[in-house]
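Protein chains: 2
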Amino acid sequence: MPTEIPHDSVGLVSPQTLRFDTPLTLACGRSLDHYELVIETYGTLNADASNAVLICHALSGHHHVAGYHSMEDRKPGWWDSAVGPGKAIDTNRFFVVALNNLGGCHGSSGPNSLNPATGKPYGPDFPIVTVVDWVHSQARLADKLGIYQWAAVVGGSLGGMQALQWSITYPDRIRHCIVIAAAPKLSTQNIAFNEVARQAISKDPQFHNGHYYEHNQVPKTGLMLARMVGHITYLSEDGMREKFGRELRSGKINFDFNPQFQIESYLQYQGEQFSTAFDANTYLLMTKALDYFDPAADFDNNLTLALSQAQCQFFIASFTTDWRFSPERSREIVDALIDAGKDVCYTEIEAAHGHDAFLIPIPRYMEVFSAYMKRVHTGGGQ
Amino acid sequence: MPTEIPHDSVGLVSPQTLRFDTPLTLACGRSLDHYELVIETYGTLNADASNAVLICHALSGHHHVAGYHSMEDRKPGWWDSAVGPGKAIDTNRFFVVALNNLGGCHGSSGPNSLNPATGKPYGPDFPIVTVVDWVHSQARLADKLGIYQWAAVVGGSLGGMQALQWSITYPDRIRHCIVIAAAPKLSTQNIAFNEVARQAISKDPQFHNGHYYEHNQVPKTGLMLARMVGHITYLSEDGMREKFGRELRSGKINFDFNPQFQIESYLQYQGEQFSTAFDANTYLLMTKALDYFDPAADFDNNLTLALSQAQCQFFIASFTTDWRFSPERSREIVDALIDAGKDVCYTEIEAAHGHDAFLIPIPRYMEVFSAYMKRVHTGGGQ
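Taken in sequence, the protein lines are chains A and E.
Taking the working numbering, the leading residue of the first sequence gets 47, the next gets one more, and so forth.
Taking the working numbering, the leading residue of the second sequence gets 47, the next gets one more, and so forth.
Do not take every clue at face value.
[Claimed, not checked] With a Cα cut of at most 27 angstroms, we get these calculated DSS-like pairs of lysine-lysine:
1. A:Lys249 <-> E:Lys388
2. A:Lys121 <-> A:Lys289
3. E:Lys121 <-> A:Lys249
4. A:Lys266 <-> E:Lys249
5. A:Lys266 <-> E:Lys289
6. A:Lys166 <-> A:Lys298
7. E:Lys249 <-> A:Lys298
8. E:Lys249 <-> A:Lys249
9. E:Lys166 <-> E:Lys249
Since the hints were made in silico from the structure, they are not lab data.
With the hints as constraints, model all of the structure from the sequences given.
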C-alpha cells in the first residue's frame, strides 16, 4: 500500500469496459457477435493520435499495467517499472493503452463471462482464441479509440508474439514493434510443459470438463500444479540457486514427506496463490494460443517471408538466462528481419532472472529500452 | 518377444529374493528389523570373489537389468545393451549383481510390502530411505553373497549417486566406481521438479494420504503428471525437436482442447503407461532420496574432503545435452576427485538424447565404457 503515490507513477487509475457489437470472426471458424474488452489508459492522446502505444500482456497478465487502483493497493500494475512519467514508456510523451485479452479472466469476455446465448458462463464453450484473433480485436479497439496507427506495440513473452503479429497483420498500423523475451513459435519442449499444465487442470476432479462454475468449485490443485511447473520455467537455474540454493526450512532434514527445502514451500505458495486468483479455462486458452502461434506457418514456414511485408522498425530484447524463450529464439526473429531487409535493434541483457527478467527493472535493460523508446517519434507521424 | 535369444544376451534369467533379519538402522533414525531384497545375477562369481560388479538403479529402475524372464518378454532388462557376454559389463568376465532397492516396488521391501507389525501394506509408513541406507543394505547383500570387495560399483543418475556413496562409505570394499550422468547433489531446480511430481501425487484424491492400497485405488493422474514432468527433464530440447518438432497429430490444428501435437500424445501415453506400472509411494521415496543425497554435507560442504577417503579408481561420464544432470555437474565430481588426488577418468559423450542417453547404446559411449571396464582386473584382487 503506497502511503503516497510515487512521483514517477501514473497514479490512481481506473479500468474501463468497452463493448463491441460487430461480430469478430476467429481463426477457429467461430465468431463472437458481442464482446467486451477491459482496458486502462495512461497519458494523453495527442491531436493527431500519433503517440499511442499498445501494451500486450503475457499468459497471466491483464490490463492493469501501471499505477494503483486505490490507496489500499499493496502493489502497482504488473509493469509499473517500465510505464510512467519519465520511464521507458514515458507517459509524459505517450498515450498508453493496455487491455485484458479476449478469453482472459480479468474483465474482458472470456470463459467466466456470461454467454448471452445461454445466460450461463461460457466455460469450455468459449471459443479458442489465437494471437491473430487478439490482434484483430486490438485493431477494433484502436478504431474505437480513434487511433489508426500505433506509435509502438510492445509486449514481453506472449505479449511480444502479439507485437510481432501486428507487424505482419497490420503493417500500416504500427510504426515500432517491441518484442521482448519472445520466440517466433514454441519449441517442442515449450509445448510439452504447456501440456503438463493442461493435463493437471483438466484431470482435476473439480474441473468438471470446464463447467466448474456451475458446481461452485475451482480446480485448485490443477491450477497450482500448472503454476508450479510454469514458475520453474520462468526462473533460471542460476537464479533459483542464488535465491534458494538447498536451504532447508527448519535448518535440518526431517525425513518426512513435507517440504524440507525452501524452494518447495516457495513453489507451493506461488501455486496456491495463483490457484485462487486465476481462471482455469483461461489458463487452458492462453496455453493453446501460445502453442498455436506460428506466423511463418502461412508463409511456407519461412519467417523471413512472413516478416517481409512489415513496414515498422523493430526492437528485440532477450535475457541471457531465459531458457523458456532463450536468446537463440530471439535471434531467429532478428535473423529473419535482417534477411527481410528490415530495420532492427537487438539487445541481449545479462540477467540472472530467467524469463521473468522481462518484468524486472534491470538497469541495463531499462536504459536500452528507454533509449529506443526515445527514438519513437510522436506528433505529426513518424 | 525374442524368437530366439540373441547371442550376446545373458539369456533367460530369474530373480531371487533374499531375506535379511538383522535390523538395519536408517538415516531417519528408524530401523527395519526384517527386509527382503530381490536381485538378479549374471555370470559366475570366481574363486576369490574378485570379479563382482554391483549395478545400482535409478529412480524408476529395478533388478531386471539384462536378459529375459521368458520367451514371451517383449523387451529385455533395462540395461541389456551394456550387460552381457562381450558387452561393456562383460558377463564372461564379471559376476554381475543387480537389485531392487529398499523402498522399491519391484519385489524388495517397500511401501507396497506387508508390514509384519500390522499385516497390512506399509504405505506411507515405510521409512524414508536414503542413498546411504541403500549402500548399507547393498553391503549386507554383498556379505550374504560372499563378496567382500566389488570389482566395480556402477550406476547412472541416482544409481551413480549410490556408486559415489560406496566410495566414501566403504572405501575398502570397492575397486572401481562408475558414475554416469549423475551429480554430487541435486540443484534447486532438480528439487523443484521433484516437488511438482510429489504434489501431483499427494494431492491426487485417489492417493488417500498414501493408503490407496486399502481403497483399491491408485493415484493414476498424479503418477501420470509426475512422469510427464520427469520425462521432459530426461529428454533434451534438441532431441525432442528432432523427434517430434511441431508435428501435428491430424496434420492440422483442430482448435479444441485435445492434444494437437504429437509431443502431447506421446507424453500422455508415457505418463499413462507409467501410472499403471509404478507405485506412487515408491515414487515419493525415490524423489526424496534424490533430494537428500549430498555426501559433502557431512564434510563441511567440501566434496573434496568427502571424497578424500576413497581408495578406488573412478570413471565419470556425462552427456552433452543432459540438462537434468549436466556435464558441469559431473565435472564438479571430477574436480573434487582431482583435488583429492584420486585416479579419475572423465568422458563427456556427444549425444542428443539428454539425460536418457545413459540408457542408450551410443557407440562412442559404449566404446569408452568398455575400454574402461577392460582395465578392471579380476582374479587375485586388483
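So, going through the hints one by one against the coordinates:
1. A:Lys249 <-> E:Lys388: violated, 51 angstroms
2. A:Lys121 <-> A:Lys289: holds, 22 angstroms
3. E:Lys121 <-> A:Lys249: Violated, at roughly 31 angstroms.
4. A:Lys266 <-> E:Lys249: holds, 10 angstroms
5. A:Lys266 <-> E:Lys289: violated, 34 angstroms
6. A:Lys166 <-> A:Lys298: violated, 51 angstroms
7. E:Lys249 <-> A:Lys298: holds, 25 angstroms
8. E:Lys249 <-> A:Lys249: Distance of about 12 angstroms is within 27 angstroms: holds.
9. E:Lys166 <-> E:Lys249: Holds: Lys166 (chain E) and Lys249 (chain E) sit about 23 angstroms apart, inside 27 angstroms.
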